[in-house]
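Asker: Taken in order, these protein sequences are the chains called A and B. This note's numbering numbers the first residue of the first sequence as 1 and each following residue consecutively. This note's numbering numbers the first residue of the second sequence as 1 and each following residue consecutively.
Hints were generated in silico from the structure; no laboratory data involved. Virtual Cβ for every residue (Gly too), placed ideally from N, Cα, C. Treat the hints with caution; some may be incorrect.
[To be verified] From chain A, some residues computed to sit far from chain B (all C-beta separations above 12 angstroms):
#1 Asp55
#2 Ala61
#3 Lys81
#4 Ala93
#5 Arg107
#6 Asp155
#7 Lys227
#8 Val228
#9 Ala239
#10 Lys242
#11 Gln323
#12 Thr324
#13 Gln335
[To be verified] With a straight-line Cα cutoff of 27 angstroms, these simulated DSSO-like cross-link-like pairs (lysine-lysine) come out:
#14 A/Lys152 - A/Lys174
#15 A/Lys293 - A/Lys152
#16 A/Lys174 - A/Lys242
#17 A/Lys227 - A/Lys174
#18 A/Lys227 - B/Lys190
#19 B/Lys225 - B/Lys286
#20 B/Lys130 - A/Lys227
#21 B/Lys286 - B/Lys190
#22 B/Lys190 - B/Lys225
#23 A/Lys152 - A/Lys227
#24 A/Lys81 - A/Lys174
#25 A/Lys81 - A/Lys227
#26 A/Lys174 - B/Lys225
#27 A/Lys52 - A/Lys227
#28 B/Lys130 - A/Lys152
#29 A/Lys152 - A/Lys81
#30 B/Lys190 - A/Lys152
#31 B/Lys30 - A/Lys293
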Amino acid sequence: MGLPPDHRNTNGLTRRDLLRAAAAGLVIGTGLVFVPKRYLRLPQQAQTFVAKVNDYQLDIAGTLLRGMMELGVNREEVQGKRILLKPNLVETASESPHINTHPLVLRGAIEAFLRLGAATVMVAEGPGHRRDTLAVYEESGLADVLTEDRIKFHDINYITGFELPNAGRQSTMKTLTFPALFQEVDWIVSVAKMKTHHWTGATLSMKNLFGVMPGRYYGWPKNVLHKVGIQNSILDINATLKPHFAIVDGIIGMEGDGPIMGQPKQVGVLVMGRNLPAVDATCCRIMGIDPYKVSYLERADNWLGPISDRSIEQRGETIASVQTNFELIDTIPAQQGIRLT
Amino acid sequence: MSLSLGTRGSAALLRRALPGGGFSGKARGKFQTDSTAWGILALSACGGPTELLNQSRSLLMREQLEDGRLCVDSTHPDSFWPTALAILAWQDSEPYREAQQRAIRFLLDTTGFHFPRESDGPSAHDSQLKGWPWVGETHSWVEPTATAITALRATGHGHHDRVQEAVRMVLDRQLPHGGWNYGNTLVFGKELHPMPESTGAGLAGLAGLVGRDVVLPSLSYLQDKVTRLRTPISLGWSLLGLAAWDLSPPNAEALAERCLANQGRYGEYETSALSLLILGALAADKNNHVPFLSISAHHDRMSSE
Chain A
1 MGLPPDHRNT NGLTRRDLLR AAAAGLVIGT GLVFVPKRYL RLPQQAQTFV AKVNDYQLDI
61 AGTLLRGMME LGVNREEVQG KRILLKPNLV ETASESPHIN THPLVLRGAI EAFLRLGAAT
121 VMVAEGPGHR RDTLAVYEES GLADVLTEDR IKFHDINYIT GFELPNAGRQ STMKTLTFPA
181 LFQEVDWIVS VAKMKTHHWT GATLSMKNLF GVMPGRYYGW PKNVLHKVGI QNSILDINAT
241 LKPHFAIVDG IIGMEGDGPI MGQPKQVGVL VMGRNLPAVD ATCCRIMGID PYKVSYLERA
301 DNWLGPISDR SIEQRGETIA SVQTNFELID TIPAQQGIRL T
Chain B
1 MSLSLGTRGS AALLRRALPG GGFSGKARGK FQTDSTAWGI LALSACGGPT ELLNQSRSLL
61 MREQLEDGRL CVDSTHPDSF WPTALAILAW QDSEPYREAQ QRAIRFLLDT TGFHFPRESD
121 GPSAHDSQLK GWPWVGETHS WVEPTATAIT ALRATGHGHH DRVQEAVRMV LDRQLPHGGW
181 NYGNTLVFGK ELHPMPESTG AGLAGLAGLV GRDVVLPSLS YLQDKVTRLR TPISLGWSLL
241 GLAAWDLSPP NAEALAERCL ANQGRYGEYE TSALSLLILG ALAADKNNHV PFLSISAHHD
301 RMSSE
């Protein structure tokens, strides 16, 4: 499953980091012993790329390729690699195509990786709501695209699994069972959708990885992961799987009661990067959400990746130029008080 | 159903049969409990070879744990959802009666994670009603509960308290406008979308145990939806669910043929999906008896209890 994402330590401390260090020192100095580990972490750095793309008919492959090159993902690195793209396919409703990653974003990602010399590119998904993965594959429009492009789709809800020790250790799960197919690929790329979420505040590239856990072991919905804590599970899956790259489809996202019942939100962006917490924090800022108020991101900070704006080098468009507040619903606890101020 | 579809479906299943019995998920794959149970159900409905069927039933028995459960594999003992399928696969086969009884006992003794409903909670369903989960210590969901009801009804336990409560649970999860999904109705006040496979499973489970009037919106939903289905799990469960209520679309055979042909588009179907499609296509033809549904068996036993 390859190398962990690029989280490089750095000596550059942010004001938030200094405050944390000061607080930790104060607590230690006064003899109190309990300091959450996350307040003692060294700051990390990452890069994300934001591209303006106002329509799915535009040159998505070219845009992704430009972003990837800006992020240092080049032919030398991708040549000969087997790339697995994990979209966000949840369920379908005729009036709500914005539930799922748009198929043309997948087509663009496939073309971009192939142009960089990937040996193979495949798409794999295990929806949490529907037992019939092929129905979501068909009704989302992805089947038309992948059939035309002759790209293999894998239903990972039914693939036999292999276990890895839980590297995140946030939940009580001792091991995590991933699809055996993942042992045969070099890169796992989360190709997510930019959406609000009624249990977690936002669902982006990290939460998207719930769909890699096979339903035959985790059920429909993947209730094992809910039972041990959704936020814990997001962190455990990401810490253990160590995905390599993320692309978030924010051309049309979802606001309000996501991930299913919300309204479409035209944003006109694609966001990408090697580090998933950094990508998701950037998406949150674009959505008008404070990433430090999204529990799993706050807990991932400087562990799985940085989420501070000072620690994320922003390439492409500035956040301010594309920022648009997503509707948050004040009766949904996970969306209360998370607005970026 | 035409002989050709049954023959081709059976032939495809036989290609997944392993030397010595049992079925893999796909051709050239390894033994899988759930694939084996589904393969037995479909192949026996097609009049498949007795020796293979019994070898496969014996292999299921070998996989059974001491407490009666059958799991997706030995490293995941909590993933016991194939237990109900094994009960159906062993039905009416005397050598497996003891194994079947232990599996029944396991189901009757097992619930999932349930908790009191909060009046202002985000989910509308009654979270205390017990059905069965996919995986141990998680909540009850529609398909595993409906399948367990089907298995227990087929084996004469339709009046057991657990089954009766499970029937109430499935009814409680029926969406206000008809149909079922995996098992949530309203979340934060919004009615969620129905799904054909969950609706078919729910209808198959409830047949013979509740009146038609209480499932009419779901029957309507599925009758409207079924002709547009192209994939085997949705179509198979839908045809089974409708057949359980003596309904079938006039073009069921053509729908099944189209779905079978769609393997050219989607790739080879997983054994359980292919089996569901075969069972659904068989059930849609009233001339066929599909033991899987076993409604008549339930009625027979009810009248003799």
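Asker: For every hint, state whether the structure bears it out.
Answerer: Results for each hint:
In this structure A/Asp55 is separated from chain B by more than 12 angstroms, as the shortest Cβ-Cβ distance comes to about 27 angstroms. With a least beta-carbon separation of about 24 angstroms from chain B, A/Ala61 lies farther than 12 angstroms from that chain, consistent with its non-interface assignment. No beta-carbon of chain B is positioned within 12 angstroms of the beta-carbon of A/Lys81; the least distance is around 23 angstroms. The beta carbon of A/Ala93 sits about 5 angstroms from the closest Cβ of chain B, which is not more than 12 angstroms, so the claim that it is off the interface is violated.
Every C-beta of chain B lies more than 12 angstroms from that of A/Arg107, the closest at about 17 angstroms, which supports listing it as non-interface. The Cβ of A/Asp155 does not lie farther than 12 angstroms from every Cβ of chain B; its closest approach is about 7 angstroms, which violates its non-interface assignment. The claim that A/Lys227 lies off the interface is violated: its Cβ sits roughly 5 angstroms from the closest Cβ of chain B, which falls inside the 12 angstroms cut-off. With a least beta-carbon separation of about 10 angstroms from chain B, A/Val228 fails to lie farther than 12 angstroms from that chain, contradicting its non-interface assignment.
Every CB of chain B lies more than 12 angstroms from the CB of A/Ala239, the least distance being 21 angstroms, so the non-interface label holds. Residue-level check passed: A/Lys242 sits 22 angstroms from the nearest beta carbon of chain B, beyond 12 angstroms. Residue placement check: A/Gln323 keeps its beta carbon more than 12 angstroms from all beta carbons of chain B (closest about 26 angstroms). With a closest Cβ-Cβ approach of about 23 angstroms to chain B, A/Thr324 is found to remain outside the 12 angstroms limit, as its non-interface label requires.
With a least CB separation of 10 angstroms from chain B, A/Gln335 falls inside the 12 angstroms interface cut-off, contrary to its annotation. A hinted pair counts as satisfied when its Cα atoms are at most 27 angstroms apart, and A/Lys152 with A/Lys174 does not qualify at roughly 32 angstroms. Distance check on the hinted pair: A/Lys293 and A/Lys152 sit about 38 angstroms apart at the alpha-carbon level, beyond 27 angstroms; violated. This hinted pair checks out: A/Lys174 and A/Lys242 have alpha carbons roughly 17 angstroms apart, not beyond 27 angstroms.
Only pairs whose Cα atoms come within 27 angstroms are accepted, and A/Lys227 paired with A/Lys174 is accepted, the gap being roughly 14 angstroms. At most 27 angstroms may separate the alpha-carbon atoms for a hinted pair to count; A/Lys227 and B/Lys190 meet this at roughly 22 angstroms. Among the hinted pairs, B/Lys225 with B/Lys286 is consistent with the structure: their alpha-carbon atoms are about 20 angstroms apart, no more than 27 angstroms. Distance restraint check for B/Lys130 and A/Lys227: the Cα-Cα separation of roughly 16 angstroms lies within the 27 angstroms cut-off, and the hinted pair is therefore satisfied.
For the hint linking B/Lys286 to B/Lys190, the alpha-carbon distance of about 39 angstroms lies beyond 27 angstroms, and the restraint is violated. Proposed proximity of B/Lys190 and B/Lys225 is supported: the alpha carbons are some 22 angstroms apart, at most 27 angstroms. Straight-line distance between C-alpha atoms of A/Lys152 and A/Lys227 comes to about 33 angstroms, which puts the hinted pair past the 27 angstroms bound. With a CA separation close to 30 angstroms, the supplied pair A/Lys81 and A/Lys174 exceeds the 27 angstroms bound.
A distance of roughly 36 angstroms separates the Cα atoms of A/Lys81 and A/Lys227; the hinted pair therefore is violated under the 27 angstroms criterion. A distance of roughly 42 angstroms separates the Cα atoms of A/Lys174 and B/Lys225; the hinted pair therefore is violated under the 27 angstroms criterion. Simply put, A/Lys52 and A/Lys227 have alpha-carbon atoms about 38 angstroms apart, too far for the 27 angstroms limit, and the pair is violated. Distance restraint check for B/Lys130 and A/Lys152: the Cα-Cα separation of roughly 40 angstroms exceeds the 27 angstroms cut-off, and the hinted pair is therefore not satisfied.
For the suggested pair A/Lys152 and A/Lys81, the alpha carbons sit about 16 angstroms apart, so the restraint of at most 27 angstroms is met. Of the supplied pair hints, the one linking B/Lys190 and A/Lys152 is violated, its CA atoms being roughly 36 angstroms apart against a limit of 27 angstroms. Of the supplied pair hints, the one linking B/Lys30 and A/Lys293 is violated, its CA atoms being roughly 46 angstroms apart against a limit of 27 angstroms.
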